[in-house]
Structure formats: C-alpha cells, structure tokens
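J.: Here is what each chain is made of, one letter per residue.
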Amino acid sequence: MNIHQYASPKTFYPIAGRLIPWFAAVTALLLAVGLYQGLFVAPPDYQQGESVRIMFIHVPAAWMSMFIYVVMATAGAMGLIWNVKIAEVLARSCAPIGASFTLLALVTGSLWGKPMWGTWWAWDARITSELILFFLYVGFMALQAAIDDPKRAARAAAILALVGVVNIPIIHFSVEWWNTLHQPASVGRMGKPTIHISLLIPLLLMAIAFTTFFVTVVLARMRNEILERERHTTWVAELITKQS
Amino acid sequence: MGQYTTYIWAAYALAALVLCINVVLPWRRSKTVRRQLEEYYRLNREPR
Chain A
1 MNIHQYASPK
11 TFYPIAGRLI
21 PWFAAVTALL
31 LAVGLYQGLF
41 VAPPDYQQGE
51 SVRIMFIHVP
61 AAWMSMFIYV
71 VMATAGAMGL
81 IWNVKIAEVL
91 ARSCAPIGAS
101 FTLLALVTGS
111 LWGKPMWGTW
121 WAWDARITSE
131 LILFFLYVGF
141 MALQAAIDDP
151 KRAARAAAIL
161 ALVGVVNIPI
171 IHFSVEWWNT
181 LHQPASVGRM
191 GKPTIHISLL
201 IPLLLMAIAF
211 TTFFVTVVLA
221 RMRNEILERE
231 RHTTWVAELI
241 TKQS
Chain B
1001 MGQYTTYIWA
1011 AYALAALVLC
1021 INVVLPWRRS
1031 KTVRRQLEEY
1041 YRLNREPR
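Protein chains in written order, with my numbering: chain A, 1 to 244; chain B, 1001 to 1048.
Isolated chain A (complex conformation):
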C-alpha cells in the first residue's frame, strides 16, 4: 500500500480503530508503573522534600502542552500547503487535548509553587509564556468553531497555529533568556541530565505514558471528526447503516 493511502480518511478510520486498544493498554501499564514509582519508590528531594512528587505530573504535562502544539501546527501547515484532509482532522483533534494538558501544567505548577516559592502565581517568563500557549489553544478552537465551512475554518486556524509556534522556543528558553523563578532545564539540556536517576525514571515513565495517552485520545477524536466530515460519502453511510 502506498503511504499516501494512509492519509485517506476511509483507510485511516479502521486503522485508528485497531490502534486505539493497543495504545490504551500501553498507557494503562505505563501509568500504573509510573505512578507507583513516582508516589512510592522515588525518594524525597533533598531540598524540596516530598513536594517533588508534583514534578511527575507537572513536567510531563508541560512537555505535552508544547509537543501537542508542535504536532497541531505541523498538521495545520500540511493541511494548508498540501491540502491533506487527515492533517486538518489531526490539527482540530489536537487542540482540546493540548489545552487540557496546558491547563494541567499551569494548575499543578501553581500547586507546586505555593509550598516552594510561597506564591500561587507569578508573572514569571516561563509561566506567562505557558499561559499564552493556553490562550493560543483556546483561540484555535474558538476560530474553528466560529467558521461554519470546515475547510475555511481549518485554514484560518492553521495560520493562527503557525504564528503561535514562535511561542514554543520562548517557553523552552525562557529560563535561560530571563531571570525567572523556574530552575534551568535539568533533563533536556545538552550532555548529562542533572536530575538523579531515581527521579528521572518515574519522570520519563510518566512522560511516555502521557504521550501514548495523547495518541489514544487523539485517534478517538479523529475517528469522530472523520465520521462527521465524511458523512456524505458512501463508505460512512454503509458503516453506520451496517452497525445500526
């Protein structure tokens, strides 16, 4: 089968359906091991004590917020340039998941900031740029919802997503470019991570679990989106009438 055929909604729909249970199973396994490691095995940090356990949620959520945005903007660009229908579906499906991970990163950051920094919120460069990311997701979804024609909606939202991509390096490098309350990168830095292996393992397990979770739910959302968009086609009509 030609690779381009996978971009056809008709081919993609059943493949996504077959992949979902596998990704869901891997997610459940990774979450179980990651949570056990993070809550019961990882030692308290020598400076932050037990509060470091919030990191196993906060950091993967923040990574996902940026990763999903890049996926969304790339898919938006593919839809815009090559008119790939499945890319438009992917971009639209990414937005609510990305927004929820961004909100999770912001709120868990606040829950971590209060005991460590003594404040729920600060207009720190990292936090502010992450908040802007949340607004970009909300803007993307609002723009899609405001335009009735899915093709025009996808194009307008893709342009917004591409403009917003400039915020991703700002979030990542904000801790180096400005004086912020956040510590500098300790995992994604060049060379050896400065974080201890006992904390790094649950952190990476949770990050992979969040990634496979994202794949699971984005595939589920894409299947719904495909059915709605392709309702005028014979294959969707046959699929629905056969199942009803």
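Since the hints were derived computationally from the structure, they do not count as laboratory data.
Nothing here was measured: the structure is a model prediction, and the numbers come from that model.
Some clues are possibly wrong.
Label-pair restraints from in silico Cβ distances [unchecked claim]:
#1 B:A1010 to A:Y6: 24 to 30 Å
#2 A:W235 to B:R1035: 14 to 20 Å
#3 A:H196 to B:Q1003: 21 to 27 Å
#4 A:A32 to B:E1039: 38 to 44 Å
#5 A:D45 to B:T1032: 17 to 23 Å
We put the CB at the ideal spot given by N, CA and C, even for glycine.
Given chain A, put chain B in place with the hints provided.
T.: Chain B only, in chain A's frame:
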C-alpha cells in the same frame, strides 16, 4: 508526605480528572455522532 500532602494529592487528582475528561468526551461524542448520522441517513436515503 507530611506538610505537602494536600498539594501533592490535589495535583494527582487534577491529573486524573483531566485524563478522565479526555477519555469520556470523545467516547460520548462518538455515541452522539453515530446517533446523528443514523438519523441523517434515515432522512436522506441516498448518499453520494
């Protein structure tokens, strides 16, 4: 978890809520879409 118990469990509870919402919403949407499409095909017997 000492003095940080509330903060830690609040963060994990929120994460659980976010993950659950992300599972439930597409699942419910799937049911709604299928119901709407069944209705649509009942009304428009001849798809393209």
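J.: Look at each hint and say if it fits the structure.
T.: Verification of the hints:
1. A C-beta distance of roughly 42 Å is found between A1010 (chain B) and Y6 (chain A), which places it outside the suggested range of 24 to 30 Å.
2. The hinted window of 14 to 20 Å between W235 (chain A) and R1035 (chain B) holds, with their beta carbons roughly 19 Å apart.
3. Between H196 (chain A) and Q1003 (chain B), the C-beta spacing of about 22 Å keeps the proposed range 21 to 27 Å intact.
4. A hinted range of 38 to 44 Å holds for the C-beta pair A32 (chain A) and E1039 (chain B), which are about 40 Å apart.
5. The hint said 17 to 23 Å for the Cβ distance between D45 (chain A) and T1032 (chain B), and at roughly 45 Å that hint is violated.
In summary, the numbered hints that this structure violates are 1, 5.
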